[in-house]
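Student: Residue numbers (my numbering), protein chains in the order written: chain A, 1 to 297; chain B, 1 to 297.
Hint data in this document are derived by calculation from the structure and do not stem from the laboratory.
Hints may contain errors.
Claimed, not checked - Take a look, some chain B residues computed to stay more than 10 Å from chain A by CB distance: (1) Ser91; (2) Ala131; (3) Thr278.
Said to hold, decoys possible - With a cut-off of at most 27 Å between alpha-carbon atoms, the simulated BS3-like pairs for lysine-lysine come out as follows: (4) A/Lys195 / B/Lys116; (5) B/Lys104 / A/Lys227; (6) A/Lys135 / B/Lys185; (7) A/Lys135 / B/Lys36; (8) B/Lys291 / A/Lys185; (9) A/Lys116 / B/Lys70; (10) A/Lys134 / B/Lys266; (11) B/Lys202 / A/Lys140; (12) B/Lys18 / B/Lys70; (13) B/Lys104 / A/Lys140; (14) A/Lys9 / A/Lys83; (15) A/Lys116 / B/Lys116; (16) A/Lys227 / A/Lys246; (17) B/Lys202 / B/Lys185; (18) B/Lys29 / B/Lys70; (19) B/Lys140 / B/Lys195.
For every residue, glycine included, the Cβ atom is placed at its ideal position computed from N, Cα and C.
2 protein chains.
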Amino acid sequence: MTASIIDGKAISADLRSKIANDIKDLQEKNPGFQPKLVIIQVGERPDSSIYVRMKLKSCSEVGIEGVLVKLDGKISQEELLAKIAALNEDSTVHGILVQLPLPKHIDEELITNAVKQEKDIDGFSELNLAAIFKKSASPKYVPCTPKGIVYMLEQEDVTIAGKNVVVCGRSDIVGGPLAKLLEKKGGTVTIIHSKSTPEQLKFFVSNADIVVSAVGQANFITGDILKPGATVIDVGTNYVADETKKSGQRMCGDVDFNSCVQVAGKITPVPGGVGPMTVIMVLQNVLESSKRAAGLL
Amino acid sequence: MTASIIDGKAISADLRSKIANDIKDLQEKNPGFQPKLVIIQVGERPDSSIYVRMKLKSCSEVGIEGVLVKLDGKISQEELLAKIAALNEDSTVHGILVQLPLPKHIDEELITNAVKQEKDIDGFSELNLAAIFKKSASPKYVPCTPKGIVYMLEQEDVTIAGKNVVVCGRSDIVGGPLAKLLEKKGGTVTIIHSKSTPEQLKFFVSNADIVVSAVGQANFITGDILKPGATVIDVGTNYVADETKKSGQRMCGDVDFNSCVQVAGKITPVPGGVGPMTVIMVLQNVLESSKRAAGLL
Numbered sequence: 001m002t003a004s005i006i007d008g009k010a011i012s013a014d015l016r017s018k019i020a021n022d023i024k025d026l027q028e029k030n031p032g033f034q035p036k037l038v039i040i041q042v043g044e045r046p047d048s049s050i051y052v053r054m055k056l057k058s059c060s061e062v063g064i065e066g067v068l069v070k071l072d073g074k075i076s077q078e079e080l081l082a083k084i085a086a087l088n089e090d091s092t093v094h095g096i097l098v099q100l101p102l103p104k105h106i107d108e109e110l111i112t113n114a115v116k117q118e119k120d121i122d123g124f125s126e127l128n129l130a131a132i133f134k135k136s137a138s139p140k141y142v143p144c145t146p147k148g149i150v151y152m153l154e155q156e157d158v159t160i161a162g163k164n165v166v167v168c169g170r171s172d173i174v175g176g177p178l179a180k181l182l183e184k185k186g187g188t189v190t191i192i193h194s195k196s197t198p199e200q201l202k203f204f205v206s207n208a209d210i211v212v213s214a215v216g217q218a219n220f221i222t223g224d225i226l227k228p229g230a231t232v233i234d235v236g237t238n239y240v241a242d243e244t245k246k247s248g249q250r251m252c253g254d255v256d257f258n259s260c261v262q263v264a265g266k267i268t269p270v271p272g273g274v275g276p277m278t279v280i281m282v283l284q285n286v287l288e289s290s291k292r293a294a295g296l297l
Numbered sequence: 001m002t003a004s005i006i007d008g009k010a011i012s013a014d015l016r017s018k019i020a021n022d023i024k025d026l027q028e029k030n031p032g033f034q035p036k037l038v039i040i041q042v043g044e045r046p047d048s049s050i051y052v053r054m055k056l057k058s059c060s061e062v063g064i065e066g067v068l069v070k071l072d073g074k075i076s077q078e079e080l081l082a083k084i085a086a087l088n089e090d091s092t093v094h095g096i097l098v099q100l101p102l103p104k105h106i107d108e109e110l111i112t113n114a115v116k117q118e119k120d121i122d123g124f125s126e127l128n129l130a131a132i133f134k135k136s137a138s139p140k141y142v143p144c145t146p147k148g149i150v151y152m153l154e155q156e157d158v159t160i161a162g163k164n165v166v167v168c169g170r171s172d173i174v175g176g177p178l179a180k181l182l183e184k185k186g187g188t189v190t191i192i193h194s195k196s197t198p199e200q201l202k203f204f205v206s207n208a209d210i211v212v213s214a215v216g217q218a219n220f221i222t223g224d225i226l227k228p229g230a231t232v233i234d235v236g237t238n239y240v241a242d243e244t245k246k247s248g249q250r251m252c253g254d255v256d257f258n259s260c261v262q263v264a265g266k267i268t269p270v271p272g273g274v275g276p277m278t279v280i281m282v283l284q285n286v287l288e289s290s291k292r293a294a295g296l297l
């Protein structure tokens, strides 16, 4: 058996068109409706600049106004907080995204929590996390990577309720929220983390219907420990040596694709799986925010 | 094999003495040091009155000043919020406990979140829950039942790191926070909930080194699905018909004690297991709060 490949590029391209059409429709019916995202970049990290550029490009493709506020790397925490406070008050702005990491002299948590919940389209604030965690609550925004993964699973008609789910990794951005979201969808979820033993990894993965790996370690999941027919979602972005490449390395996920594709039922590739979903969910969250602000949601 | 019984009464009595001695010592060295808990009771529910009385009695036993603020069941939400705001500002008050449930015209979540984080010794506020949930954060207060369970396990030298842990139930007060706390202690945790199938319950419980049940259903955990030697913690409080009792019913937990005691390594009884730990942790949290306020922590 060979797994069917979950095409993150196609799923995200589809959603991108939907978002673009939705915005166009809304603008025709509601003159003045204009979703707007402000990205705050502090300093000049080249990797951050690439991510910011990608997000701005995606915004323009769907009709979201994307604005980059680039600040000096030496800006004080107070000045940055004042900047965020002003954007919180600006009613034309629907999403505020602070590109991480921030310079070391700035408290990331403080800054992340300073973004008004209504505009926290990254969903990283404590109040948003609390709402994900609480059984009875629904968050205003689901963080983009977990949201993208749940959307993918739904698009692929993967049943979650009543299934065994393993989430490897417990970060505040991916593993933690995702485990809770899949539990809220009815999955029985086990979180594998750095203190889990190799025997535990093998035991739980070999009994899982859905396996998500977000640990940042190449070959963490191999075909020999998979349950036949399982759905495998690879969130990892790792680089391994590869002499056949000009750069001497190649990008890969946490999942040993070649062995897993023989055993799994469905599997995401890296690149082209989860990655494209994350960016598109930023747009989706900005759209939701602007609809909410306009009383259209 | 017969399990050893975890004696919640003895463990809590022990901790009670420690708290009382700690307060006495602190008062000798710091004249004016006086931990104070305010309990707000709205209305006259008889069960609430019993719980409140128990807590006040426990306070007086260890040297905590316990004050009951009893409010009319018809009080408006605004008046209740104003009352809480005043207590938030009162520096002689170290803990504020709003006895739940509140009358239906009052938004419990709003009220719970109105208690200042420093005085939220129940640990139910969203910011506290977020801190439990976040990998990198530590909550100011751990909710009393989960805190009592972790303390019990530690007193009984039960290893958590590297072990399979099953938590049945995912409430915001017990199951949810407890699962996260045990995960932070290194356990590999699976949450069983209302959407889990009987097969999933059996599969995960029969492979678990530690099983906690907090679902509120008698005989939910039976000996035939336990792993021999497992530690079993019973958080349930249920009433089942019993003709031999004057009241016609008897209190029991979620765990079928008679069959489980034959298989488990350690087990908590009901009553006399988790119950006594919860009240004592209210006192422990008030003590922590008063030490923090006095700069002694």
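Student: With reference to the structure, classify each hint as holding or not holding.
Tutor: Going through the hints against the structure:
| no. | hint | verdict |
| --- | --- | --- |
| 1 | Ser91 | holds, 25 Å |
| 2 | Ala131 | violated, 7 Å |
| 3 | Thr278 | holds, 19 Å |
| 4 | A/Lys195 / B/Lys116 | violated, 34 Å |
| 5 | B/Lys104 / A/Lys227 | violated, 48 Å |
| 6 | A/Lys135 / B/Lys185 | holds, 22 Å |
| 7 | A/Lys135 / B/Lys36 | violated, 31 Å |
| 8 | B/Lys291 / A/Lys185 | violated, 42 Å |
| 9 | A/Lys116 / B/Lys70 | violated, 36 Å |
| 10 | A/Lys134 / B/Lys266 | violated, 30 Å |
| 11 | B/Lys202 / A/Lys140 | violated, 36 Å |
| 12 | B/Lys18 / B/Lys70 | violated, 30 Å |
| 13 | B/Lys104 / A/Lys140 | holds, 25 Å |
| 14 | A/Lys9 / A/Lys83 | violated, 35 Å |
| 15 | A/Lys116 / B/Lys116 | holds, 20 Å |
| 16 | A/Lys227 / A/Lys246 | violated, 36 Å |
| 17 | B/Lys202 / B/Lys185 | holds, 24 Å |
| 18 | B/Lys29 / B/Lys70 | violated, 34 Å |
| 19 | B/Lys140 / B/Lys195 | violated, 32 Å |
Checked against the numbered hints above, the structure violates hints 2, 4, 5, 7, 8, 9, 10, 11, 12, 14, 16, 18 and 19; every other hint is satisfied.
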